[in-house]
Amino acid sequence: MATPIKFREIEGWGPGYLALLAGLGLLVLSGLAAAWFMEHNGHYVTGMNNQIVWGMPHVFAVFLIVAASGALNVASIASVFGKTPYKPLSRLSGLLALTLLAGGLAVLVLDLGRPDRLIVAMTTYNFKSVFAWNIYLYTGFFAVVAVYLWVQMERRMNRYTTVAGWVAFLWRLVLTTGTGSIFGFLVAREAYDAAVMGPLFIAMSFSFGLAIFLLVLMLTYGGTGRPLGDRILKRMGTLLAVFVAAVLYFTAVQHLTNLYAAEHIGVERFILLEGGVYTSLFWWGQVVLGGLVPLALLLLPRFAGSRASIALASILVVLGGLVQVYVIIIGGQAYPLVLFPGMEVASSFMDGEAATYLPSLYEIGLGVSGIAMALLMVALAVKVLPFLPASLADAAIDPHHTRTATTEPAAAGA
Amino acid sequence: MSEFDWKRRHFMSAAAAAAGVVLAPGVTLYGIAAKAREADVPVTSETRWGLLIDVNRCSDGCDACVSACNEENGIEGHGRPATDAQWIRKVQLRDPRTGIEKHFPVMCQHCAEPPCVDVCPTGASFKRADGIVLVDKHICIGCRYCMMACPYKARSFIHENVSEQRPYAPRGKGTVESCTMCVHRVDAGAVPACVEACGERGNGAMLFGDLNDPDSEISQRIATYATRRIRADLGVDPGVWYQNL
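Those protein sequences? They're chains A and B, same order as listed. Counting in the numbering used here, the first sequence runs from 1 upward without gaps. Counting in the numbering used here, the second sequence runs from 415 upward without gaps.
It cannot be assumed that every hint is accurate.
[As the list claims (entries may be wrong)] Far from chain A, some chain B residues (derived; all Cβ distances over 12 Å): (1) Pro456; (2) Arg462; (3) Arg508; (4) Arg580.
[Claimed, not checked] Interface residues of chain B toward chain A, partial, derived using beta-carbon atoms under 10 Å: (5) Arg451; (6) Ala496; (7) Gln500; (8) His573; (9) Leu659.
Hints were generated in silico from the structure; no laboratory data involved. Quantities reported herein were computed from a predicted structural model and do not represent experimental measurements. No residue lacks a Cβ here, since even glycine has one placed at the ideal position from N, Cα and C.
Next comes chain B alone, as it looks inside the complex (with noise of 0.2 Å):
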């Protein structure tokens, strides 16, 4: 590991816990992770890192989560929609019966059965013990076979030259990519970039936590209130839940 990213990890880890500090009381949290993880000590399954997303809370013309994906991941556009990269997205949705319109996040859903890790010929798609699914960089050939094969439209193809890159996020023309949710974040106890962003400029939609800890906020709002996670049909067992959806 580099100086820098030393430095940085220990950085956000003070960071994260400065932000869990002066949350005042009665403002809902938005998730901290339990604790860094130093670099040498593998994750396990016994975390399931997972959201869960209030859309009553989310509002329409917000996108806080957005540009900081963007932002933290240093995902600039280059002006064409169509081939330019979206790890996470708001999406509307309108009942045409009701016209009842709701607006959320969709990012990877980081599935415990996730198609694209399936149909990856080399194996660079893969997910970590702790049910994050990443794109290893190294051994992608750009099938596009995982774009092929994701229920959720969460991969992008690096469709040109990218420059700005952060040295947690490397991208590369060529190959595909998708929310990492902020794993560089997440192994330095922090949260992801688009849960601290809702928590601070949006509306607070957002939680973070290890779904696998019965006493995590997030897996006690799941066990409280009515969920449901998008296409729960398939049997992929997505990681990202939502609530009043």
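Okay, chain A solo, but in the shape it has when bound (with noise of 0.2 Å):
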């Protein structure tokens, strides 16, 4: 049997740690800095307009919602599946799920176009919309997680994980859906009207999540030179390998359904030869980049199981992840609205053309502070409660490790 696992938290004020928090902070700062000058001004300053309504924060924000209940499936995956390996990493699972959301939300809730009226927001509903929706299912999400958090960290409560995992698991597949159907819903609009569009998110949300997790994982144990196992490591790359693939099988899925229908030919003219930027972006971006390549560098034996193969996989997940989100949401709306099929269109409110996007300083700065937002987040938390175990060392999280490994991994991160 294997003994216990040890959780605790990261201790000293050592300076990498000082200058992680205060590069981070001046990442927040300049945020919401951004964002006081986008409110006071008026969008104008922004590359936004009447037609690419939802611009670079709406990509950062959907990003990390989405990767926020994918960042859960870790612990899911111990709670929900049983696989003990992944038991001492579910703390972290949940941190991270938390601050993700935070960070989203704070994103998006920034770039709205009165976030004074925040309280409106809060209290009063159209339960027809899938935005007011999604505001339960957010708020939602952080009571579910933080319970479940509790009854793992709160001794006397551990027999409640399972129950509490399974609600975890379910409320976060519901909230992706939801957040999908954000898109789906839009019945009007030729790049969405999906429903595809849900599942896509889900598997997005799995293979986002992951990344992240893996990421964060290893920084965090690199930085505090806790011993992190090659194994638990591996196992991971390959589920992430299998992410990735769910998610590029979703896009086939999407883009062949639309190219079958005559009608939906236009939009899939642009995104996939025409649109330019959206163009490469999708063939480049987020299909090599972020599904290709990463692939490649989880499951050809030549790259397979190293840790720098596994991060270098997990970044390019993530940045082609953000180019994925950045295509539909601003790629879908710069296809142009469909007023009058088969027929040429002009007018003087852009009617008929695509439009055109450029996004501002402001806008990238408000969406990259909804990520150090997050990273701040989870990097306070593990000083002050107990997150993380004390060492990930095969040997201490797995059971049957000794019995099929040779030899001791060596002890120290990255």
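Both chains are sitting in their own frames, so use the hints and assemble them into the complex.
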């Protein structure tokens, strides 16, 4: 029987840790300043306009919200699917889920035309709106994951971990379906209006969430000098490959279905062939760099299993994920609304033309601050509460390890 | 209601009545509302206000409806076409096979099943019982989901500070707005500014009236001539009809 996992707060106030806090803090502050500037002047100072109404902040916000529910998967694998080696990772998984969601929502709210009316959004509901449902799904997610973390961290409550894990798992599936449906329910937009948006977003969340989890895990254990075993990393690397493949699969289904219907040929030509920057981003950013290269890094025997390839694959999945959300949100809006099928249309309001969008620094700053906010919260939380196991060496977390492995892995993190 | 509004309301009613009287026989009416509605009387679904636009009468280069709308509702551009608000726009349509061109205005289509109202998280987008779709400026949070959902590109987000606001058409930076079918005029018994301008300075291509009243001119025309609505296939039941489109 394996010895119980020991969770420890990270110790000391080393210059590296302080620099991390300062750097993330600075990014958060500049994001807040950018939000204030956009708010004060109005959105005309951004790249957004009446054609591209959701810009870069939405790309980051949706990415973070989707990744948040995916980050919880590591905990679900332990609690719901009973995989013991993942159990020590559950707390960090829950923590990341909370902080990524908080970062994403902060960006979303700060990009509203009237963020000062947040209280209105919290008190006045139109229950037919998928946005309004999402307000409940997001706040509910915070509560459900907080309870899930509590039953894991409070010894007397440990016996409820499976139940809490199931509730959180089901909740996150509904939540991501809701996020995808924000686009899936847009009946008039050629690029959206598809039921596949829900499952596509779930696959994206699995992939982005695990990639972020892996990066945070490697950085934290590398930075604190705690042992991190190769086997658990390799397992998660293989899992990431499955998720990346799932995203590619749903993307293929989405586009092939559209290509079959003559009425959608226009939007498919735009994204896949003639959309300029969106076409390049789709093929090179999303499919090649965000999909095929990570698959090769994670699966080809030449690279598979090495920390460097897992880290690089995770970085590419994150970047490719941002590109994918950009293509979905910005590319989908750039394709003009079809008011008169088969006709050529022109107007002073840019009917019939592909919209142009150049993100401003303010929008990028606000978006990046969402990521910084999430990471800052993680950095502070692991300092004050025991989220991280003292050791994630293979022998410490996997009772079967000694029987199958021949040598102890190198103890220190990368 | 302020003293100003009240006086204006009565003035508008009188103006509408006068407009009805001075029209010569034989000239196509551009429609007049039945009568002014008292402020404390709620609107009902017995009426459904709508527009009929005769595309053959609408000419290229005429922007009487657009300028009247801007003047009436205090919509001033900042010389930034991508972000400036447009409640009504002239659309040029060209059939690529025949080369035939048509010009006509497009504005909020005041759908009976408006997607903007469905998706609005706070209920700021709403439809009045008489079919006019509006935005409640007090609870709009500026999320722009309605702009994503509108099939007609009818809405504008206010991207910067606004000045010269009209008391009856409040606007505000950070909120979304669109054609109100000049609800303040309709309630006072007048027709929308675009319709009036089209009749006076344009080609009389626009007709306003009650779609629920089978005897109204708009209903009669729709019953007599071939008409269509933009993207009727979406099933949103727009309140703006087009003839000869």
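Against the structure, the hints come out as follows:
no.: 1; hint: Pro456; verdict: holds (20 Å)
no.: 2; hint: Arg462; verdict: holds (21 Å)
no.: 3; hint: Arg508; verdict: violated (4 Å)
no.: 4; hint: Arg580; verdict: holds (20 Å)
no.: 5; hint: Arg451; verdict: violated (26 Å)
no.: 6; hint: Ala496; verdict: holds (4 Å)
no.: 7; hint: Gln500; verdict: holds (5 Å)
no.: 8; hint: His573; verdict: holds (4 Å)
no.: 9; hint: Leu659; verdict: holds (9 Å)
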